[in-house]
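Asks: Mind docking chain B on chain A? Use the hints.
In the order they appear, the protein sequences are chains A and B.
The opening residue of the first sequence carries number 1 in this note's numbering; numbering runs sequentially from there.
The opening residue of the second sequence carries number 1001 in this note's numbering; numbering runs sequentially from there.
Keep in mind that the hints are not guaranteed to be accurate.
Footprint (simulated), chain A over chain B, 3 or more residues, beta carbon under 8 Å [to be verified]:
1) 1012-1019
2) 1043-1055
3) 1105-1112
4) 1206-1212
Read the hints as simulated data drawn from the structure, not as lab findings.
Ideal placement from N, C-alpha and C gives every residue a C-beta, glycine not left out.
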Amino acid sequence: MALEFCPHLLKSEAPTLNLTKSLKVNLTSEELAEARRRLGREPNETELGMIDIMWSEHCSYKSSRQALRTLPKTGKRVVVGPGYDSGVVDIDDGDVIAFKIESHNHPSAIEPYNGAATGIGGIIRDILCMNCRPIALLDSLRFGNLESGNSKWLFQNVVRGIADYGNCTGIPTVAGEIEFDKSFEPNCLVNVACIGHGKAKDLVLGRMDRPRDIIVLVGGATGRDGIHGVTFASRVISEESELDRPAVQIGDPFTKKLVIEATLEALRTRKVTAVKDLGGGGLTCALSEMSNKGGKGVEIKLDAIHVREEDMTPYELLLSESQERMLFTVDPEGQDEVLQVLDKWNLPYSVIGRVTDTEHLIAKYMDKVIVDVPSKLLTNSPLARRTAKKPKAESNAQTPRFTNPLNLSDTILEMLSDPNVATKEAVYRQYDHEVGARTVLKPGDADAAVLRIMGTVKAIAVKVDCNSSYCYLDPYKGHAAAVSEAARNVVATGAQPIAVTDCCNFGNPEKPEVYWQFKEAIRGIAYMLKGLKIPCVGGNVSFYNEDEKSGRSIKPTTTIVMLGLIERLSLITSMAFKRAGESIVLVGKTFSELGGSQYHRLIGFEGGKVPNLIISRERASIRTTIEAIRSGYVTAAHDCSKGGLAISLSEMAIKGNLGLTIDLKAVPHLQSMKAYEILFSESSARFILTSPESQTPKLLALARRLGAPAAKIGKVSASDYKITMGKERLAECSVKHMREVWQKTIPQAFEMN
Amino acid sequence: MKVAVIQFPGSNCDLDIFHVLRNVLHVETNLVWHKNFNGTDYDSAVLPGGFSYGDYLRAGIIAAHSPAMKHIKEMAKEGKPIVGICNGFQILIESGLLPGALLRNQGTAFICKWVKIRNETSNTPFTKTIRKGAILDIPIAHAEGRYVNEHDGIRELNENEQIVFRYVDNQGKTSENSNPNGSMDSIAGICSLERNILGLMPHPERASETILSPFSGSDGLRILSSLAQI
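Isolated chain A (complex conformation) (with noise of 0.2 Å):
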């Protein structure tokens, strides 16, 4: 229930204050009750405007910290796991990757431009936050149907807004994944994630260790932008949401890469002590958090603030969300090198107070204290108490047997022409994927990017995923087949996958039903997890993504960022054919899983049965692909997951510019199955890999000894695409024709009306 702001609560004394309406709090009356009790008195209206703003489900994980505590968090290479602003993970030799994926849902369904870039710049800072210098952007994106005016618009400025932001800033942008489902109209998603590289002995952490400190607010000025914006993030989208526009902050890509740049000058110093950024929450956020985790408290001067509007009451300052800003903690002897750094760069700056050893955030404004509450009530928030109900089952659990379509070749051009499998290359052309001289595999090459680290022979593969359909047709299974096809992804690069990071988007947690998909989604991630023994570093929720004219909720969607390690650069492998003559092999068994398949959404299907997830399966298939390519027995690799065998093997053709032939007799399948569910299922735990014919018989060796099923299902051609099934002709095409199908489909959502 939210609660109106009541007046004889204790007025702030601040002179300037001058709230023009009562304020509004969302916190609910026995949150109301709680801080009151912690705090020994009632709060003041700023107090009380901190408060709600921490005790946000955005800034406070309320609803969802209890679920995300089961999830693997632990291993050998983990250096920094959850609660700091990204996660870091050893990749040996003293390098350390940081890593972070964070959504931006509810700005950018309102303002698409703004809300994208300004996601990219908050990422960029939670990277920059432990001392690592951000060396790639992905980014997962979903929207309605493009039919939709509306979705299509979303869609031309949310790239826009990413293309902008991202190639200012000098960060590459070089993997991510788009879905168009209706479910996503009109609350569409915006998840950015970044990757850094540093070295493990230079990491800082966020937090205040050293009373005395001083404070240093470094970057845009504050203003009045963006106030309030999380508990707008924490609330579902209505007519209402128009309103809200001004809480969506504008983005200055300029000034970014001038913090980015001084951030790391000001931390080479080594008199820097701290750093965080300001993103939702604001000063508020930052102060609490950082002197929370390290046990002391602060105490600034609100009027020391560099402002760009005149008259900010203390409520102002502590809340505002303005972009581009971050807080450092400096040691007092090192105040003058470091301010000198911020200076060469021109950037404003302001010395705002202390680290203190009172627990306390004490906040005055004219020498009066406006604030003083403890760090601890504020970043530690009540649980909110969820209820789960499973979901009446909306379709039929049962798949229907289909019959073989009249034409399988026009079946697999029209599967290649839809928006979900058509190439995103107008996407990703719009965005620099190269800046940093790191990207080996680029955009459309491969599963995953492969970023060279510079001065090593190692890389990094990295790849953000998640089926939505899957998801919501079993959150379970659908969530733990995101991890799993994420795996697959940056293995199929040559890289032995380490860590993850996940971004949460569900509907409304105060609805039984999403809070069951929420709950299912996590277990199915643990699950995942711990079976491949890859440990979770960080993560980010966002709720409310919901229609309230409808009350429907977005299909739930957890996007999973994979970071692989590739130990030697002459491991890397792309998907595309390499010479006509090679064998095609396919590790894995083939069910029929057609459950949110590609194939379903092509007949206008919606239920039956998601793939089935079975930990040793995935185990076998990914070991056998990692020791194949360690091996020297593989030249092209690719994931077989979305559309089945039947898109994998075009894209796979599409990109080396060469045909194949398939008989399907030889793909390990069930015996019952018909030619279109061997084509079209999107069973997990498979992998199609090319090998020199002499290789073949060794590979084949290779995945008898770990337990995967594998046979060659065929040889890559010349020219033509041609699948059999024993002497029966199934399909045939050209992969010229296939390729120009292909491409079209995007290109035209680009164009205007």
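Replies: The following block gives chain B in isolation, referenced to the frame of chain A:
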């Protein structure tokens, strides 16, 4: 040989070109903050790509008024080789060191892709070891790279053999399809009348190591290695 890579606020290909010059070509190279640059300390200078000053007002125009550009002009007068890549090319044009203008791409969007360019002259310090007509694989990444000039300007560039690179197709021919941004006369790079200033939109520093090339080539190095030999 000592090369300066000038860093403006917003430069973002500075570390990439620095890496190639120092670690691949083993040229003595310094990253120099634009306010601290003194041309007499260097034999050559590179203006790297990026978004200097956020490309506010117009790409390259604010950097063109940096004190560093006075030094660049001095160096140019002394005949020292100067290279401007992408945003660096825009800065050279805005400073009047190279003729013409670079406008928003035809089609308006930013384009990041590998293209083919043809070397049009071996008569520059940067291309003297590259055969005229040789085709190079190299990536572009820009939104404002459409080269334009007046009719007479283009004629003069042709007459004076100042067009160094043109976008071409696989067969080495210029065509509408192989011209990614709508540049006049398919121009990808030009040099000054004195031939010691080169501006180009493609990024040779991204095409200097086989590991980064989809074609396993290092054609960018053929241009940049000139800086090691001067």
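Asks: Run every hint past the structure and note whether it holds.
Replies: Right, here's what the structure says about each hint:
no.	hint	result
1	1012-1019	holds (count 5)
2	1043-1055	holds (count 6)
3	1105-1112	holds (count 4)
4	1206-1212	holds (count 4)
Hint compliance for this structure: every hint is met.
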